[in-house]
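J.: Same order as they appear, the protein sequences are chains A and B. Each step along the first sequence adds one to the number in this note's numbering, with nothing skipped, and position 183 is 561. Each step along the second sequence adds one to the number in this note's numbering, with nothing skipped, and position 48 is 63.
Everything labelled a hint here was simulated from the structure, so no lab data went into it. One or more of the hints may lead you astray.
[To be verified] Short derived list, chain A residues pointing at chain B, Cβ under 7 angstroms:
| id | residue |
| --- | --- |
| 1 | Y381 |
| 2 | N581 |
| 3 | N678 |
| 4 | T679 |
| 5 | P766 |
| 6 | D774 |
| 7 | L777 |
| 8 | R778 |
| 9 | G779 |
[Stated by the list, open to error] Across the chosen pairs, the derived CB separations fall in these ranges:
| id | chain 1 | residue 1 | chain 2 | residue 2 | range |
| --- | --- | --- | --- | --- | --- |
| 10 | B | D44 | A | R531 | 18 to 26 angstroms |
| 11 | B | P25 | A | R710 | 28 to 36 angstroms |
| 12 | A | M697 | B | P25 | 40 to 48 angstroms |
| 13 | B | Q106 | A | M711 | 19 to 27 angstroms |
[What the hints assert, rightly or not] Interface residues of chain B toward chain A, partial, derived using beta-carbon atoms under 7 angstroms:
| id | residue |
| --- | --- |
| 14 | Q53 |
| 15 | L58 |
| 16 | Y59 |
| 17 | N63 |
Cβ atoms here follow ideal geometry from the backbone N, Cα and C, with glycine treated the same way.
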Amino acid sequence: MRYSGFQVIKQGLTGNKGWKPVWREPEPKKSYDIIIVGGGGHGLATAHYLAKKYGQKNIAVLEKGWIGSGNIGRNTTIVRSNYMLEGNQPFYEHSLKLWESLEQDLNYNAMMSQRGILNLAHSDSQRDAMARRGNAMLLSGADAKLMTADEVRKMVPFLNFDNARFPITAGLLQPRAGTARHDAVAWGFARSADQHGVDIIQNCEVTGFQMKDGKCIGVETSKGKIKAKKVAVCVAGSSSRVMEKAGMRLPIESHVLQAFVSEGLKLTIPGIVTFGAGHLYISQSDKGGLVFGGDLDGYNTYAQRGNMPTLEHVVEDMMGLMPFLGRARLLRMWGGVMDMSMDGSPIIDKTHIDGLYFNGGWCYGGFKATPASGDAYAHLIATDTPHPTATKFRFDRFLRGGMIDEKGSGAQPNLH
Amino acid sequence: MIINHPTLGPRDAAEFVHLGDATLMNRPDWQAEDAVEQFHEYLYQRDNPAGDYRELWYHEQGDRSWLVVTRNTLTHEITDVQMARDVAMQQAKSS
């Protein structure tokens with residue numbers, strides 16, 4: 379069924395009895411051309427683009443739990459393309475362009491809201507670095523505007539501008555950035571993939587890979603063995619655990635990133651604001667809750683929960699920037715497990731094993747990359763060549779010295 | 016999390032900085048034939064286990080000692096804490 383305003387009215391007048399389940403629940407077949415391991419945002423996006431854009435048929439997505447149960451439903455929903463380095467920025471701008479037409483492409487309301495992101499600078503050198511970043515963004519075809527302190531003040535007058543230690547000296551605005559409803563993104567991709575014939579198989583855990591003559595020929599799952607010409611792993615957060623079954627070690631550590639939501643408030647913050655002196659990003663959801671987060675907890679973990687010191691740090695940052703929020707109450711907090719790579723950038727590449735592909739290492743920037751990650755991964759799987767915007771996300775970049783280290787913090791995953 | 020420091024007793028993990036896998040103590044020989052590959056493994060590749068994990072913590076807000084902590088990455092339970100210096104000396108003795 380195609381969703382439209384007409385359908386809403388028609389169904390509304392006929393008791394809403396005509397809505398159908400959004401995707402099928404098929405049993406796995408004996409074999410597929412392509413198996414995607416992981417039914418998160420990136421896996422479902424990959425299936426969508428493989429089927430719709432690259433004309434592939436006979437595809438399955440295997441998901442251990444239920445689709446969208448991982449980080450696609452745990453992030454702070456921010457979509458932006460304000461990176462700087464050559465290997466990164468064109469990819470993220472490609473992603474933002476896909477976001478802008480995603481709802482039409484999927485025929486699904488992802489509540490994409492381009493309300494802008496404002497990164498604040500608190501010193502002259504930070505302002506200069508932002509000017510440089512803004513120029514890099516413009517060169518990639520993205521939008522960026524360097525704002526003076528006065529312009530920032532007009533836009534968001536409620537900030538603590540004259541903080542003695544961290545006064546606000548400037549801001550870098552990307553007006554096209556925004557937020558999207560994270561769950562709806564997973565559901566929209568799933569629905570579209572299903573409509574294009576992709577089998578989405580939930581509660582089906584991959585327990586091993588079938589190898590023959592050094593080639594990957596299928597997977598072993600909790601629902602039996604399934605053959606495939608190509609197996610594409612897409613399980614950020616659990617990458618090391620899954621690839622270990624194929625005998626691979628990865629340049630990745632698992633860390634927890636926490637997110638927080640306040641009680642619902644009236645319109646308080648127009649777009650997304652980030653504090654440049656600590657690490658805080660904050661936006662307001664359509665329900666009114668303030669959605670915010672900060673740094674990683676800093677130690678390796680697979681537990682989807684964090685500890686109090688990070689919460690304290692994030693809330694202190696928030697009080698430093700927006701003291702008026704002191705009386706808002708915290709409603710919920712949770713954590714998601716991140717694939718923290720050694721340079722802070724992702725990997726979309728073939729492995730050294732024929733027929734086995736890998737997508738992961740998204741650190742905590744995976745959500746905004748969802749459409750481009752799917753597109754680039756689908757391109758790689760379908761054509762065996764990297765997508766033009768994702769040529770640098772290779773496994774061997776660490777050996778070659780081709781790291782894409784936006785933050786310049788070296789091989790220290792908890793600092794990216 | 017509370018880290019039971021061998022000499023200072025139980026201390027809040029917030030006093031510490033987390034470096035990473037305890038294998039970082041074993042720096043490869045830079046003069047080896049395959050030093051490039053060895054340093055690639057050493058610097059970038061990780062086991063990243065779900066379960067018991069031996070890792071290095073630095074007591075920055077305390078006595079500035081390095082510790083080897085064995086912690087479960089699924090439950091955050093800490094089962095063993097040793098001074099990294101002692102671990103290194105044991106390794107040197109047994110090699």
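J.: Would the hint on A/R778 stand, with a C-beta cut-off of 7 angstroms toward chain B?
T.: violated (10 angstroms)
J.: Let's test the interface hint: is any C-beta of chain B closer than 7 angstroms to that of A/G779?
T.: Violated, about 10 angstroms.
J.: Taking 7 angstroms as the limit, does the beta-carbon of A/Y381 come near enough to a beta-carbon in chain B?
T.: Where the cut-off is 7 angstroms and the nearest Cβ of chain B is about 40 angstroms from A/Y381, the hint is violated.
J.: Holds or violated: is the Cβ of B/N63 closer than 7 angstroms to a Cβ in chain A?
T.: holds (4 angstroms)
J.: Does the nearest C-beta of chain A fall within a distance shorter than 7 angstroms of the C-beta of B/Y59?
T.: holds (4 angstroms)
J.: Grab the minimum C-beta distance from A/N581 to chain B and call the hint holds if it beats 7 angstroms, violated otherwise.
T.: violated (20 angstroms)
J.: Do the beta carbons of B/Q106 and A/M711 sit within 19 to 27 angstroms of each other?
T.: violated (41 angstroms)
J.: Once the shortest beta carbon distance from A/T679 to chain B is found, is it less than 7 angstroms?
T.: holds (5 angstroms)
J.: With 7 angstroms as the cut and Cβ atoms as the points, is A/P766 at the interface with chain B?
T.: Constraint on A/P766 not satisfied, violated at 26 angstroms.
J.: Return the status of the interface hint for B/L58: holds when the least beta-carbon distance to chain A is below 7 angstroms, violated otherwise.
T.: holds (5 angstroms)
J.: Could you check the hint for me, namely that A/M697 and B/P25 are 40 to 48 angstroms apart, CB to CB?
T.: violated (29 angstroms)
J.: Please check whether A/N678 passes as an interface residue: C-beta within 7 angstroms of a C-beta belonging to chain B.
T.: holds (5 angstroms)
Violation of the numbered hints given earlier is confined to hints 1, 2, 5, 6, 8, 9, 10, 12, 13, 14; the remaining hints are satisfied by the structure.
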